[in-house]
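Colleague: Sequence:
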Amino acid sequence: MKKIYLTIFTIFATIFSVFSQTVPTCSLNPTYISSNKVGVYPDSVTNFISGTVGEPYEQNLTVKVPKDSTNATIGKVCFNKFVISTPSGITNYNCPPGLTLGSSTSALANPNINGAPSLLFPGGANNCASIYGTPTVAGSYTLEISVQPYVSLAILSGNTCPVPANVSGGSASIVAPQILKYYIINIAPAVGVQELGKDKMALYQNKPNPFSDFTDIKFYVEDEDDATITIYNTLGSIVSQHTVKTIVGENKVTINASDLASGTYIYSLKYKNAVTTKRMMVINN
Numbered sequence: 001m002k003k004i005y006l007t008i009f010t011i012f013a014t015i016f017s018v019f020s021q022t023v024p025t026c027s028l029n030p031t032y033i034s035s036n037k038v039g040v041y042p043d044s045v046t047n048f049i050s051g052t053v054g055e056p057y058e059q060n061l062t063v064k065v066p067k068d069s070t071n072a073t074i075g076k077v078c079f080n081k082f083v084i085s086t087p088s089g090i091t092n093y094n095c096p097p098g099l100t101l102g103s104s105t106s107a108l109a110n111p112n113i114n115g116a117p118s119l120l121f122p123g124g125a126n127n128c129a130s131i132y133g134t135p136t137v138a139g140s141y142t143l144e145i146s147v148q149p150y151v152s153l154a155i156l157s158g159n160t161c162p163v164p165a166n167v168s169g170g171s172a173s174i175v176a177p178q179i180l181k182y183y184i185i186n187i188a189p190a191v192g193v194q195e196l197g198k199d200k201m202a203l204y205q206n207k208p209n210p211f212s213d214f215t216d217i218k219f220y221v222e223d224e225d226d227a228t229i230t231i232y233n234t235l236g237s238i239v240s241q242h243t244v245k246t247i248v249g250e251n252k253v254t255i256n257a258s259d260l261a262s263g264t265y266i267y268s269l270k271y272k273n274a275v276t277t278k279r280m281m282v283i284n285n
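For reference, each letter of the sequence shown is one residue, going 1 to 285 in this note's numbering.
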């Protein structure tokens, strides 16, 4: 069963949810879907983008669920479904207040578990979800997610797994649930003039985010000087750089993603002697 546990641990490390009628439309990351990987994008290394109190937040997730797995002891195992829910004693997956998670694919709706809505992910399917809302309290939040697989043995059904997966079948007792708690969302305090510090600057989260065409990066300064916005990929290479002459107050740089591959990027603001960074996500079809 070790292989089954490892598969579950890898696949659903970042999936948790609250179903809502106002959930934004999520999308599949085409690069991840076309790869030979299974699981969730962004992964645990990339993690989730940070947010700011009072600023709208949205993080897209792409989910690739396997249909079956082979265990040396018991043979082929069919993954019927996975139910993602809040663990006992935890409120709403320990999301930052004001944020929730849901999927715009209504077929994934599931009843409340431990006081919060859950999601059902069918075996052998590609799906997506979104963490969204407007955070209200600053802090660093470690998410806690219960992943309960429902599986059946292929030998009981002619040694083949059904296509599509039988989401109404499977047993929860064959594989125990996993409690995942190493994904973090950092929420920064709302930025005001009194909080800007000695360099009198503040960098805001880009909007929209995620994005597929254009996004605006806004920042605040209290002087006229050169400021540089630099975009880095996950390997640390510069993919775009823009230097502007600032005005006192809010400034804006528009980024064109037409030449950027889907994925997570770091953007930094260098102003006078200070540098600050945030993350953004590109989803190109």
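Since the hints were made in silico from the structure, they are not lab data. Honestly, I wouldn't trust all of these hints.
Label pairs and their computed distance ranges (CB to CB) [stated by the list, open to error]: (1) Q241 / I184: 39 to 45 Å; (2) E224 / S35: 44 to 50 Å; (3) N126 / Q178: 17 to 23 Å; (4) T243 / T22: 21 to 27 Å; (5) N273 / T22: 20 to 26 Å; (6) N256 / T160: 44 to 50 Å; (7) P111 / S171: 16 to 22 Å; (8) P111 / Q241: 38 to 44 Å; (9) N284 / P56: 41 to 47 Å.
Okay, derived cross-link-like pairs now, BS3-like style, lysine-lysine, Cα gap no bigger than 27 Å in a straight line [as the list claims (entries may be wrong)]: (10) K245 / K278; (11) K37 / K245; (12) K67 / K37; (13) K278 / K218; (14) K37 / K76; (15) K200 / K76; (16) K252 / K181.
All C-beta atoms in this analysis are idealised placements derived from N, C-alpha and C, irrespective of residue type, glycine included.
Colleague: A separate judgement is required for each hint: does it hold in the structure or not?
Modeller: Here is how each hint holds up against the structure:
A hinted range of 39 to 45 Å is violated for the C-beta pair Q241 and I184, which are about 28 Å apart. The beta-carbon spacing between E224 and S35, approximately 46 Å, falls within the hinted interval of 44 to 50 Å. As the Cβ distance of N126 to Q178 is approximately 21 Å, the hint placing it in 17 to 23 Å holds. In this structure the hint that T243 and T22 lie 21 to 27 Å apart at CB is violated, the actual value being about 39 Å.
Remark: the range hint 20 to 26 Å for N273 to T22 is contradicted by a beta-carbon distance near 43 Å. Checking the proposed 44 to 50 Å range against N256 and T160 shows it holds: the Cβ atoms sit about 48 Å from each other. At about 19 Å, the beta-carbon gap between P111 and S171 stays in the expected band of 16 to 22 Å. In this structure the supplied range 38 to 44 Å is violated for P111 paired with Q241, their Cβ-Cβ distance being about 50 Å.
At roughly 22 Å, the beta-carbon separation of N284 and P56 lies outside the given 41 to 47 Å, and the hint is violated. For a cut-off of 27 Å, the pair hint linking K245 to K278 stands: about 21 Å separates their Cα positions. At most 27 Å may separate the alpha-carbon atoms for a hinted pair to count; K37 and K245 exceed this at roughly 44 Å. At most 27 Å may separate the alpha-carbon atoms for a hinted pair to count; K67 and K37 meet this at roughly 13 Å.
Distance check on the hinted pair: K278 and K218 sit about 12 Å apart at the alpha-carbon level, within 27 Å; holds. For the hint pairing K37 with K76, the CA-to-CA distance comes to about 20 Å; that is within 27 Å, so the pair holds. For the suggested pair K200 and K76, the alpha carbons sit about 61 Å apart, so the restraint of at most 27 Å is broken. At roughly 36 Å between alpha-carbon atoms, K252 and K181 are farther apart than 27 Å, so this suggested pair is violated.
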